[in-house]
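There are 2 protein chains.
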Amino acid sequence: MTTTITVAPSNLIANLNWRYATKAFDSSKTISLEVWNALEETLILTPSSCGLQPWKFIVVTGPETKARLRPHSWNQSQVTDCSHYVVFASLLKITESDVDKFLARTVEVRGCTLESLQSFRGMVVGEVIHGPRSKVAAEWAVRQAYIALGNFMTAAALLQVDTCPMEGFVPAEYDKILGLPEKGLTATVCCAAGYRSETDKYARLPKVRFTASDVVEHITV
Amino acid sequence: MTTTITVAPSNLIANLNWRYATKAFDSSKTISLEVWNALEETLILTPSSCGLQPWKFIVVTGPETKARLRPHSWNQSQVTDCSHYVVFASLLKITESDVDKFLARTVEVRGCTLESLQSFRGMVVGEVIHGPRSKVAAEWAVRQAYIALGNFMTAAALLQVDTCPMEGFVPAEYDKILGLPEKGLTATVCCAAGYRSETDKYARLPKVRFTASDVVEHITV
Numbered sequence: 001m002t003t004t005i006t007v008a009p010s011n012l013i014a015n016l017n018w019r020y021a022t023k024a025f026d027s028s029k030t031i032s033l034e035v036w037n038a039l040e041e042t043l044i045l046t047p048s049s050c051g052l053q054p055w056k057f058i059v060v061t062g063p064e065t066k067a068r069l070r071p072h073s074w075n076q077s078q079v080t081d082c083s084h085y086v087v088f089a090s091l092l093k094i095t096e097s098d099v100d101k102f103l104a105r106t107v108e109v110r111g112c113t114l115e116s117l118q119s120f121r122g123m124v125v126g127e128v129i130h131g132p133r134s135k136v137a138a139e140w141a142v143r144q145a146y147i148a149l150g151n152f153m154t155a156a157a158l159l160q161v162d163t164c165p166m167e168g169f170v171p172a173e174y175d176k177i178l179g180l181p182e183k184g185l186t187a188t189v190c191c192a193a194g195y196r197s198e199t200d201k202y203a204r205l206p207k208v209r210f211t212a213s214d215v216v217e218h219i220t221v
Numbered sequence: 001m002t003t004t005i006t007v008a009p010s011n012l013i014a015n016l017n018w019r020y021a022t023k024a025f026d027s028s029k030t031i032s033l034e035v036w037n038a039l040e041e042t043l044i045l046t047p048s049s050c051g052l053q054p055w056k057f058i059v060v061t062g063p064e065t066k067a068r069l070r071p072h073s074w075n076q077s078q079v080t081d082c083s084h085y086v087v088f089a090s091l092l093k094i095t096e097s098d099v100d101k102f103l104a105r106t107v108e109v110r111g112c113t114l115e116s117l118q119s120f121r122g123m124v125v126g127e128v129i130h131g132p133r134s135k136v137a138a139e140w141a142v143r144q145a146y147i148a149l150g151n152f153m154t155a156a157a158l159l160q161v162d163t164c165p166m167e168g169f170v171p172a173e174y175d176k177i178l179g180l181p182e183k184g185l186t187a188t189v190c191c192a193a194g195y196r197s198e199t200d201k202y203a204r205l206p207k208v209r210f211t212a213s214d215v216v217e218h219i220t221v
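Residue numbers (my numbering), protein chains in the order written: chain Y, 1 to 221; chain S, 1 to 221.
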């Protein structure tokens, strides 16, 4: 088993306070391969409901594609100036074949039999494909993508990589440019990653969060 | 400005590999105050669209309330055996007063004038309250809560705290028990946090994730 090194709580919080929604990226700075590989692995390791991973992460580093996406992103400069622009795409529909793909991967990784997974299969198919969640399966897939977004931004902050989450874009245009519908996917949310420009005035503004008493409630009984 | 300490990429990945959806918690182990305070601060620091923070984090440590929630959670033992059970609640509706509450907080934290925020106010109100997102505002709030969930699980892993995300619960029953609707909130997703039991066989199973070539696409042009 891998030995893990605990991060100090104060270190974690310092990094989360350091991060902010970066408005101006320094386009001359690129995330190194070592750091990017860790962030990509972070995306892959994101937990998802039932383990289904109903997503694809489109990592755009090419200037041409970035330039094509930008006008459909309220013309925000983050799209073109960041190092790695990640489009979180989610499945438009969850089918039995998605479940079976996950089960095949489970057999491959864990060396168990497919038969031993049948009761799990029945539960997932009953719940997600034919059950109460089937009508909202696309939205359920979107929610999972947002777990990946949260995971990604936190991991990036710990590696001192700046990010800007982006909901202000036109999914239909992104889908066309990235060829997503033919893969059963749609663009759900995006995140620019790279390094802040020294001129970004937002970097110096205090972070605005509600107080603990506003957003946290403790139930101790 | 706070000095931040960079976490090594390999350390981050080791911690994310260490984490898993904990099925059996050791009910004798409690998260220390220092560590919990950092995790609570992590929740508060979660980024959200337009900064609106359309959520409340209900932290249940009381055995009575945990016991009342468990039957509405597929009777899963994580609810009662974990140290801190977090219910992520999201706003049922986003109103102008939610925006104004955020603006008042911005004035408080940044010392700017309310007048200087009017164009931002117009944008948010136009978009979220009266614009295209108004019809899906509740779902939009839910998505933001999932960012918090992703952030929380990653932060916990870095502090060597075990977690189990939980979607298998009955929101209407949670809402009643926690008194959420009268606060304009609904239970969206949950996460048990604490320490794994030594008997949890799932701790030793290899993690099942699709390969990079399955879930990551690079666009370099």
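For the record, the hints were derived by calculation from the structure and aren't laboratory data.
Just to be clear, a hint being listed does not mean it is correct.
Which copy? The list can't say, so a pair holds if one copy fits it or any two copies do.
Below, in silico cross-link-like pairs of lysine to aspartate or glutamate (DMTMM-like), each with a Cα-Cα straight-line distance of 20 Å or less [claimed, not checked]:
#1 Lys-66 with Glu-34
#2 Lys-183 with Glu-217
#3 Lys-93 with Glu-139
#4 Lys-183 with Asp-214
#5 Lys-93 with Asp-175
Hints, one by one, checked against the model:
{"no.": "1", "hint": "Lys-66 with Glu-34", "result": "neither (22 Å within a copy, 43 Å between copies)"}
{"no.": "2", "hint": "Lys-183 with Glu-217", "result": "between (42 Å within a copy, 12 Å between copies)"}
{"no.": "3", "hint": "Lys-93 with Glu-139", "result": "both (9 Å within a copy, 18 Å between copies)"}
{"no.": "4", "hint": "Lys-183 with Asp-214", "result": "between (43 Å within a copy, 12 Å between copies)"}
{"no.": "5", "hint": "Lys-93 with Asp-175", "result": "within (15 Å within a copy, 29 Å between copies)"}
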